[in-house]
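Make the full structure from the sequences, and use the hints.
In this text, residue positions in the sequence shown follow this note's numbering: the first is 359, and each later residue adds one.
Source of the hints: derived by calculation from the structure; they are not laboratory data. Treat the hints with care, as some may be off.
Derived DEER-like restraints, expressed as beta-carbon distance ranges [what the hints assert, rightly or not]:
1) 576 - 545: 39 to 47 Å
2) 415 - 555: 36 to 44 Å
3) 567 - 608: 39 to 47 Å
4) 366 - 607: 41 to 49 Å
5) 555 - 576: 14 to 22 Å
6) 459 - 407: 20 to 28 Å
7) 571 - 656: 37 to 45 Å
8) 570 - 366: 57 to 65 Å
9) 508 - 570: 47 to 55 Å
10) 578 - 644: 27 to 35 Å
11) 553 - 594: 23 to 31 Å
Backbone N, C-alpha and C define an ideal beta-carbon position, used for all residues, glycine too.
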Amino acid sequence: MASRAKRGLIADWWWGVDRWFLAAFLFLMVAGLVLSFAASPPVAERIGLEPFHFVRRHAVFLLPSLAVMLGVSLLSAHGVRRLAFFMLAGSLVVMVMALFLGVEVKGARRWMEFGPLTVQPSEFMKPAFAVVCAWLFAERARRPEIPGNLLSLILLITVAALLVAQPDLGQTVLTAGVWGGLFFMAGMPWLWIVVLGGVGTLGLGTAYAAFPHFASRIDRFLTGEGDTFQTDTAREAIMRGGWFGQGPGEGTVKRLLPDSHTDFAYAVIAEEFGIITCMALTAVFCFIVVRGLQVAFEQRDVFSRLAISGLVMLFGMQSIINMAVNLQLMPAKGMTLPFISYGGSSMMAVAVSAGFILALTRKRAENSSQTDRLSERSLAFGGALGYR
Numbered sequence: 359m360a361s362r363a364k365r366g367l368i369a370d371w372w373w374g375v376d377r378w379f380l381a382a383f384l385f386l387m388v389a390g391l392v393l394s395f396a397a398s399p400p401v402a403e404r405i406g407l408e409p410f411h412f413v414r415r416h417a418v419f420l421l422p423s424l425a426v427m428l429g430v431s432l433l434s435a436h437g438v439r440r441l442a443f444f445m446l447a448g449s450l451v452v453m454v455m456a457l458f459l460g461v462e463v464k465g466a467r468r469w470m471e472f473g474p475l476t477v478q479p480s481e482f483m484k485p486a487f488a489v490v491c492a493w494l495f496a497e498r499a500r501r502p503e504i505p506g507n508l509l510s511l512i513l514l515i516t517v518a519a520l521l522v523a524q525p526d527l528g529q530t531v532l533t534a535g536v537w538g539g540l541f542f543m544a545g546m547p548w549l550w551i552v553v554l555g556g557v558g559t560l561g562l563g564t565a566y567a568a569f570p571h572f573a574s575r576i577d578r579f580l581t582g583e584g585d586t587f588q589t590d591t592a593r594e595a596i597m598r599g600g601w602f603g604q605g606p607g608e609g610t611v612k613r614l615l616p617d618s619h620t621d622f623a624y625a626v627i628a629e630e631f632g633i634i635t636c637m638a639l640t641a642v643f644c645f646i647v648v649r650g651l652q653v654a655f656e657q658r659d660v661f662s663r664l665a666i667s668g669l670v671m672l673f674g675m676q677s678i679i680n681m682a683v684n685l686q687l688m689p690a691k692g693m694t695l696p697f698i699s700y701g702g703s704s705m706m707a708v709a710v711s712a713g714f715i716l717a718l719t720r721k722r723a724e725n726s727s728q729t730d731r732l733s734e735r736s737l738a739f740g741g742a743l744g745y746r
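So this is what it looks like as structure tokens:
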């Protein structure tokens, strides 16, 4: 155990880190590994792989993700900004490369192969985008002559254009939602709210007209007609699980779900462990978001306040989209459940987001050291006056 008296990087981190956040993230990591034993074997068997193929890969991804989260959490606010800038620049470059050299899956080019690794750069773009936009809004608030709002809008348009080109309209909506939330918290004028609301509505209408797969998902959601196999099967799995589930390994409907280990892991959890377990898992996600916003509003630094808010909004919105699709509350969209769904890029990117949150909510070591020095001086001064 690190001692308060013996100051150092690890000791300062241990006494300064937000234990509630750390416990919640570690819980989700362990839960994701445990739940992968239920969700992934049927998929592996169906495509001719060894039953625990995805379980082992999930564990392999989990270890470096844990190291990344803890390593990033050691950064200062300045270090978080710097890493976010490099991540964003690198992600945008790889996203452009993916459009020409990437792996095409179901008509979309979202992945790049680097030897044995397949990376989805847009996953790493999201946390970096939230932090950089928070910095731009904070600089605009600190120095009005800096066009932070305009620069963040240009950045949003750039990111949205690359996502639409892939195409990945779900990530586009998620990124735009985080940007809008940050802009609102930064003091968005009412005129901007009206204008951007109109632009967003126009954009969705254009996407409906321009992308047949997007229109078909909306139509299937509204009418229930067409290929609704995955969402119908997910609903059946949830209903069959009841309150307490069928028991570990006893699920049968999950074997029919093509993406039970990724987009529909939540439905598998419901079938085998019950709605009670799903509610507990949802409560952990809600706790992270609510506590994040609470801690953010206590920050005196505008950048930290906005960055923490943007990161927990990203975390919460992605979770909501995944769970809502499983519950047929919104049109089908491939979106992973943070730390729970299988996926190396997603897990590593969420680990970076968690590391950013831990770093920005950490009590600064320099502040604690300064307090200790002041206390020592006060005690010395009191001793000189004869007080004990």
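Legend entry - Hint numbers not upheld by this structure, sorted from lowest to highest: 1, 9 and 11
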